[in-house]
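If you want the building blocks of each chain, they are given just below.
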Amino acid sequence: MLQDLLQNTLDGVALGASYALLAVGFTLIFGVLRRVNLSYGPAIMFGAYCATWTYLNFQAGLLVLGIVTVAGAVLAGVYVERLCFAPHRQGSAIAAMVASFALWMQLEEAATLALPKHLYAFPALYEGDPLALGPLSLRIESLAMLGAAGAISALLWTILYRTRFGLAVRAIIDSPTAASLAGINLPRVSLLVFALASAIGGVAGYLIVASHGQVTPMLGMWATLKGLLAMMLGGLGSLPGAVVGGLALGLIEAHSQWFLGPQARDLVAYLLLFALLAARPAWMTRWTSTRSAS
Amino acid sequence: MAALLAIKDLVTAYGKIEALKGVTLEVQDESITCLLGPNGAGKTTLMFTTAGILRPRRGSIHFAGKDITARPPHSIVASGIALVPENRLVFPHMSVLENLRAGAYQRSGNAGINADIERLMQRFPRLRERAAQDAGTLSGGEQQMLAVARALMSRPRLLLMDEPSLGLAPLVLEEIFRIIAELRRDGTTIFLVEQNAHMALKVAQHFYLMEQGRVTFSGNPGSLAEDEVISRAYLGTVKQ
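Heads up: the protein sequence lines correspond to chains A and B, in order.
Here the first sequence is numbered in the numbering used here, starting from 369 and rising by one per residue.
Here the second sequence is numbered in the numbering used here, starting from 17 and rising by one per residue.
Bear in mind the hints are in silico, worked out from the structure with no lab data behind them.
For every residue, glycine included, the Cβ atom is placed at its ideal position computed from N, Cα and C.
One or more hints might be untrue.
[Unchecked claim] Okay, the calculated beta carbon distance ranges per label pair:
hint, chain 1, residue 1, chain 2, residue 2, range
1, B, A147, A, G581, 50 to 56 angstroms
2, A, G534, B, R73, 45 to 51 angstroms
3, A, L501, B, R171, 35 to 41 angstroms
4, B, G128, A, S505, 54 to 60 angstroms
For reference, chain B alone in the conformation it holds in the complex (with noise of 0.2 angstroms):
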């Protein structure tokens, strides 16, 4: 079976220091796939990268068989990919709903967009009761779920997150989890970078981890390697 994504030697530099030294992985249609790694490693460089934000020196990256390499993001959300970027970025001055418009930018027919956002104000009443307030009021695990909401408006095939559980209290990660289940059940295919690997593993099928720009370690969770990688995943959390 061929993977939904397939990234191939990819290498993102700022300047001359190279974030991703040609990173391989690939992500399988209607799964997680978990990507871990202590902070630096060159994460969230792949995320923007894969999602155009950033242009990638070398490799390719392929969606559902096509070349998406150092296409503009607009053009990538079009083919079916969405990231819910860290630290969420919602559109602070905005209200909820125009964040949630927003992220259904490149749709048409307002019956279908009206029906999503429908559909996910019940799967986060919290969004509901604050529809009309500026995103820049919420706290943070409401900005969370607006960002996860809002990437959903564009009916992706493919989520990237990034750190959806950073700076989050415990209630509202377990809800997030829970959520980022659900999704799969849904059939969205998701690509998550976490620190918190515990888990990040629970939830996941299949996982990377990331050190220094590589992928040095893949795997299954459940694998005899998990207790490694976890600690590998934090060693460098506690080095910084």
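So here's chain A without its partners, still in its complex pose (with noise of 0.2 angstroms):
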């Protein structure tokens, strides 16, 4: 009983380590554009198809997938902004986010008519036996997506806190207005948030579809909405926020389904949610209150 509650701990935290990194990647677009970007996911997905085209006809290694899908989710990224969001920077945010959900279609499309199948096989990261540790064991694709998850947040944080462009980002996370009248150049600023988020989710896209060693259309939506539901678990707007609400909904998923089955897994997930926003605990509104203010 013990062995297994630890055991499906620590595949939760695997698993939230996924959750973490798309979270933070749907939080950096939520915080300085303060819109939803429903094509997240499907960026990562077209990402992960361009790899997937890449290994049919080439036979390309694993090195190089990675870097398609990570260029792929950018460039896709990149497509989204500039159709979505810098038409709508001052305009209404429900616009750009019906938007984003046009280029979903869009996206899904462009994969499924490039690659018909539903289902296509990915190489996979590791092939051998899982780690031993005492009774338990780790997956070397999970310790792959901490290890990544970890490098990211370091990365990240020493680009939000250490360079211009980073006290760029926190100025706009901040105060749109204040930021632009001290000279900020926000659509460039908004369009390289685009870029960055979208090679982080690119990453984890990647991590993804090797541990997986498969990838099908529907890895978009499944992208947006873990990515969504881990950025609201987490308070909406917080970047290590994002990566507690990610690491809990890996957590949730994997006793709930341990516990109550793998058809609840998502629905305890849901049931929080809902809980969560119908009692808006103040840690939950505090970030998002403080920026309406100004």
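From the two separate chains plus the hints, produce the assembled complex.
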């Protein structure tokens, strides 16, 4: 029993690390633009499909596939920003969100047009046995995901707190009007943030498909849903919150799957989100309420 | 002598409602010009349009002889204009020091930026005491000092100030106006929006009165019309 609990916790943290990465990318975009980008997941899926296509045609190695995934996701992300978000910078948030839904469909169509089967094999990250930690086991893929999540969080922190670009990003998150008045070029920083967020999502997407060993067009919806859910659990708009929210979501899923069965897995996460949104505890609204005052 | 800032027939609208209905005015180099008027007259709209946050529907804005109409805000900062916005708008979750660095975003050369930070901290000693603190934790007066200092970090030729005295205690208010006079002596041109007409007219060389989106009066402090202007600037406040 205790061993199952520990094993579930370990699996949950590994799963949560991938959710955390998705949520961090989502949060960057949401924080800077105050817009929900529904095409975030589909852009990642587009990157994974670019890699699958490269694999099928050139049998490229893992490193090349990783680079192609990230590059494809960044390309799609920048495309979404130019088409959906740049024109609505001062306009309606709903218009931008609906436009991003339209591009979701477009990216999915493009992917299925190029590779029409429902499922494609993706070269596995690692073929050997999982690591044994006493009675527990940890997949090498999970270890890679944890390492990537840690490294990307540290890199992102360095960018945000140690560079001029990071200063601009934080200024825009605090107050877009004041940031403009300080001479920060909002359109350019927004575009770069989109590219950065898509690159982070691309790394997460690559590790996810490589550990599953397969890719489907559903990856887009899956990544958007998990990222959005983890972002909201973490309090909507705080980067450390996104990491915590992602890990919490992974743990909730792993444990509820064990205790209540795979059907109940998603149900528990949604119920928890519903309860949180209904109660709206202070830590969940603090960040957004200070912003609307300025 | 050509004016440093020349605004001509400026119209800015929110949807169908015109907040500026053809504003024409000038700000002379190395002077303090004050814009008075009741709430809702369009003063903040004029400031935001000049700084590029709002786009005018018609009319033109010339700065130092160049047409800057409808340029984006970061390009207007680059041309030498900085706005201290109403309600200060500091970056609440960034430290005082980071707020100042953000103000110098377009400048390069760390040595010059650090020297300016040092100079401003001498002028505003409270900011040095609070350098590492989040700006959101400062008092209203301290935030106003920070907003002014942040604007000065871009080394503007023209400083726009939108109601710097709003909500400040009398002592802090006097300090703000002392600083405004000092800045002008150091060669910065100032275009000031104020509700506090008495204080503003003490430092200004020229003033405009704005009512319902139009400039309705202009003159120099000390002229016979001063009392009437003050009462008209306040009447709007009483009405609301």
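*Honestly, which of those hints from before does the structure not fit?*
2, 3
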